[in-house]
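With chain G held as given, fit chain E with the ligands onto it using these hints.
Sequence lines, in order, name chains G and E.
Our numbering puts the first sequence at residues 1 to 252.
Our numbering puts the second sequence at residues 1 to 446.
FYI, nobody ran anything at the bench for these hints, they're computed from the structure.
Note that the structure is a prediction, hence the values are computed from the model and not measured.
Yeah, the Cβ is synthetic: ideal placement off N, Cα and C, and Gly gets one too.
One should not assume that every hint holds.
[Stated by the list, open to error] Below, a list of computed lysine-lysine pairs in the DSS-like style, where the Cα atoms sit at most 27 Å apart: (1) G:K223 - G:K8; (2) G:K8 - E:K406; (3) E:K406 - G:K100; (4) G:K100 - E:K431.
[Unchecked claim] Now the stretches of chain E that chain G is said to cover, found in silico as 3 or more residues with beta-carbon under 8 Å: (5) 394-408; (6) 411-419.
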Amino acid sequence: MLKIENLKASIEGKQILNGIDLEVKPGEVHAIMGPNGSGKSTLASVLAGREDYEVDGGSVEFLGNDLLEFAPEERAREGIFLAFQYPVEIPGVSSTNFMKTALNQVREHRGQTTLDAVSFLSLMKEKMKIVDIDQSLLSRPLNEGFSGGEKKRNEIFQMAMLEPKLAILDETDSGLDIDALKIVASGVNKLKSKDNATIVVTHYQRLLDYIVPDYVHVLYKGKIVKSGTKELALTLEEKGYDWIKDEVDSNV
Amino acid sequence: MKQKNTTALTAELLARFDDFTSALNGESEKPLFQLRKEAISAFETLGIPSTKNEEYKFTPIGKAIDKKINVGKPSIDNVGSLTEDRVTPYHIPDLKGNILVFHNGIFSKELSSVVSSPDAIRIQPLSEAYKEASEQFVRNFSKYADVQNDAFTALNTAFSTEGSFIEVSKNQVIEDPIILHFIQDAAQGAAFQSPRNLVLVGENSQVNIVEKFDAVSESNTWTNAVSEVVLEEGANVSFYKVQNDTDEALHTNHTQVYQSKNSTFSAYTFTFSGDMVRNNLNIVLDGEGAEANMYGLYLVKGKSHIDNHTVVDHKQPHANSNELYKGILDESSKGVFNGKIFVRQEAQKTNAFQSNNTILLSDNAVINTKPQLEIWADDVKCSHGCTTGQLDEDALFYLRARGLSKESARAMLLYAFASDVLERVSIAPLKNYLEAIIAERFEQNF
Ligand SMILES: Nc1ncnc2c1ncn2[C@@H]1O[C@H](COP(=O)(O)OP(=O)(O)OP(=O)(O)O)[C@@H](O)[C@H]1O
Ligand SMILES: [Mg+2]
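Chain E on its own, in the form it takes in the complex:
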């Protein structure tokens, strides 16, 4: 039954691709178009993964898409409905920087602004980068994320028309963060969007990037995003992902990171809602002294299903990876955490730490955790740990015995649990914004 669903869905998406390409007038002559063709044929082979696929064992994403989204029907590209006053509530207060706004997959020039100097950084909507097809873009685009083995990456590569191309020159500290804001408005029908970003960061440069996803109407939406981030020697990137969609939203995304020598990459993934969410974070440490930090926090309730899959591949010696994911699950929500750590034979003196902690607030909430360490080198320090439990009753009683209401005591403990991740956010307005969401959730009984 599941198999039939995913097969039918795959067929619909393939048919959709034909309509899609015929609407891309002129583009089919360009060399980049070849990538789309390769991607769709890879997708045809892979198909939407069913739960028979080991990587999707706990996450019946095909079923969810099939139920919610009519993928045969083109997205609404009615940009006119996205006026500034509709978007403003989704902005992060006081967060200044380079902002690119996309509505149902279309770049909104009016709502976007670039403030950093073009000598230091190039920030381009993907559609422009496609057209310009600069040497750097062509050389790197779709060279890191695995189109051949990941159906959703293949699908994104086939369909993506918008997103961003970001290129930071050497030796630059980009003070103003880059906010990539993807907004879906499915008021006029179920929407499907394929945002795509390519970020190249030059030697010894620093940049902060925030990907933010919002759905502005209660209808069904599906976002299938891919970002590729490439760090040259000594580069330092903080990469934030904030998902605060509606409870109906489906979200699949893949972040592929390639790190050179002495580079530092820190990912912060915050998921606050969604019907079904799958976050893939894959990091390749391909240089000595590279460091990867992966932080995740998810707070979900209702029937939300949140799946975080991370892979860190230690290919060179003396690199560190450090992972901390925390989840709070209420009602009938489900969590999945799968953390793979590969340490290749050459990667001696690797330090790799992983931990995944979950609080289940209800008897119906479920978490499936699977650490997967594959180590071929002998001189390494690797550890993983996971804990799953309820709120600490002794702590709750202690706080209440000092006069704190049950609600305040509970909020205080949940906040303490989340703070390990939250306190690492270094952009103050973003931190305040996240804190406000979290505080509201904790104080209003989730």
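Bound conformation, chain G alone:
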């Protein structure tokens, strides 16, 4: 589904991604971990099409297409979904109106019929249950004044609405209390199928108890320096990153 080869990217002349290789197949869950500033969010942003980043080399294939050729909205319509680490507050934009416009543009692209107000609202009600998000939240301007946890829930709600093929969750667990974490994780699990895939970026093993990964990767200095199964996350929880850093830095 997703094939990243030797991806290099920079921002303002500063190289952040130094040759990433990663393959994700349908039905898989990949976890990406790594110390602060190692480039996890950068990778997520580059995949979602953020134009501030310069891609300096490598390739990204998504469902047989060259993903890097696509504008952000085309990527979303093709099935990429990025749950932001820091969702943006957008005053004056109604959450509902935004979601309806976005969904209909996505549906149109996918050759589905667009939804009228009534069917949109009933779909919305159904999806709201998945992450147990309150109606009153969605009648407010997009993310404006939402608490950290509410923002994260709203991201997963949007994901449920848009039904992506590849969801990239960038620290969706941070800022969530234990109950919210379970709700969000179970939401993600409900949306999982054999046809779609998930990349979870996280610092904590705890999330991986709920969203169980097939693979765990460690990103360090813009490269995937170690990959393994979910046991790797347990090791990291116990030992931190120093041993990996030492391994990498002594090899240079």
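This is chain E with the ligands only, laid out in the frame that chain G set:
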């Protein structure tokens, strides 16, 4: 060079006044004629302001008039060309009310209609009010706007022949808004019009007024309007100004408001186009508990130049003023915002807020913002803030990352920016009309 232009222009306008008065047969004997004479002599002293004048520093209006308008040539008063089908496209759909239509400064009886009860409100074309010269009219006309210090007010007072006189009795809620529709058709030559309105609102009465300005041909036009609005105790007035002229239009206007105790005045100024536009809004809060709201929204592109000058003068304690102006400027357009707040020594417990926010969509667009707070009282709450920026890139990316096209995302953000002002419009058909203009502009790349 600029100086020479404005001097020559002033001279032409003075000469025009002589032709104008000789055509006013009979009127020169009336007492009101004295006002014209005083006004033209004030204008002679003031002259068309050049950019050396602090108040016109950024707005070379004299130059623009000189370039576009042959002021020596009388306006076309060919009312015949203004048939109903030519006017209809400029109407606000579904907006019912009292409608007065003026064409190149002449009242069109056929296209106008008054529906409110004459016991509650008197709505008269200015020409009739002039003729009738009622006590109320004479006592108030030209008593509020400053003829001695403002050249354009002086010029309007000298030349105005048409507009409206509106008088609301005490304790009346006027449900039907009053729409004053000024249409210019310069197809047969550059036109210059001087609309003039006087609005007196009695104690505890409420009324909504919409001033709408349109130019129906692409040629050059100049509108120089003045409105005086007087609110008695407890009166409540919403005053809308909608400018959607052609890109060639010049527009200078002055709204002078006088507020008594516990009255509320809300101004809504929408500017969508024009070559050069200068809006003056001056409000005097001369009663305890008075409240003034000033909202403005301007969306311009091309070479349009939009200048909003507001003055709010707090003269009495416990009054509030609240100002919010928003502008979106594209291409090489220019904006000027100058907001003066005076709080006199007696005006303790004043609350005065001002904010001016601008989005610049192009590197060539410019805004000059100047808040000017002069506060003599010590127990007051005053604040002002202004922001100027581009569209929020993070927000744009967030929306696009959910599948919205770049155009839709941009329109959504611009709409959100404008909605702070738009959502305060309480006349539904007017709001729909404005929304439609705005949506069209946002969706068609401005
Ligand atoms: N606009 C920018 N200009 C310069 N450096 C940037 C910019 N954006 C990101 N960076 C740098 O890129 C590096 C990677 O940042 P990124 O956000 O991808 O890290 P991360 O792995 O997601 O970290 P965290 O775990 O803290 O979320 C950091 O050193 C960051 O400072
Ligand atoms: Mg990050």
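Those earlier numbered hints the structure runs against, lowest number first: none
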